[in-house]
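The numbering of the sequence shown is numbering that gives the first Met the number 0, which starts it at 0 and goes up by one.
Don't take every hint at face value.
Straight-line alpha carbon distances no greater than 27 Å define the calculated DSSO-like cross-link-like pairs of lysine-lysine that follow [stated by the list, open to error]:
#  : residue 1 : residue 2
1  : 1         : 17
2  : 1         : 35
3  : 46        : 35
4  : 56        : 79
5  : 56        : 1
6  : 35        : 79
7  : 79        : 17
8  : 35        : 17
9  : 35        : 57
10 : 57        : 17
11 : 56        : 35
12 : 57        : 1
13 : 46        : 112
14 : 56        : 74
15 : 79        : 57
16 : 74        : 112
17 : 17        : 74
18 : 74        : 57
19 : 17        : 56
20 : 35        : 112
21 : 46        : 1
These aren't lab readings, by the way, just hints derived from the structure by calculation.
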Amino acid sequence: MKTIDEYIEICLEGIQPKLRELRQIILEASLELTEKISWGMPTFYFKGNVIHFASHKKHIGLYCGAEAVQNFGDKLQGYKTSNGTIQIPNGRELDVDLIQNIVRFNIEGNRNK
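Produce the entire structure from the sequences given, and follow the hints as far as they go.
Encoded structure:
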């Protein structure tokens, strides 16, 4: 698997539209992002990894880093989180503003490295 399109195509058919939507939300956060597959997951990159996602049986894992999870902790009530990871249940709508703000936060962090 070499592209995000290929990744999405091998996921469960019912979750594919949500993964495509998530991809668009992330890409619309910044024109500076490039995309690739890294660690077997869709990865969005700007001067370093910005965010990854992966489809799981009951949720989408959003891998954004510990600093982002800490920074947005007040807005993550109701999500299961762990060190650098946010779980979005498959039945929950995607929070466009939250996701794009996390992406922009990580881009700025990479820009300032």
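| Tell me, which hint numbers fail for this structure? | Checked against the structure, no hint fails, so every one of them is satisfied.
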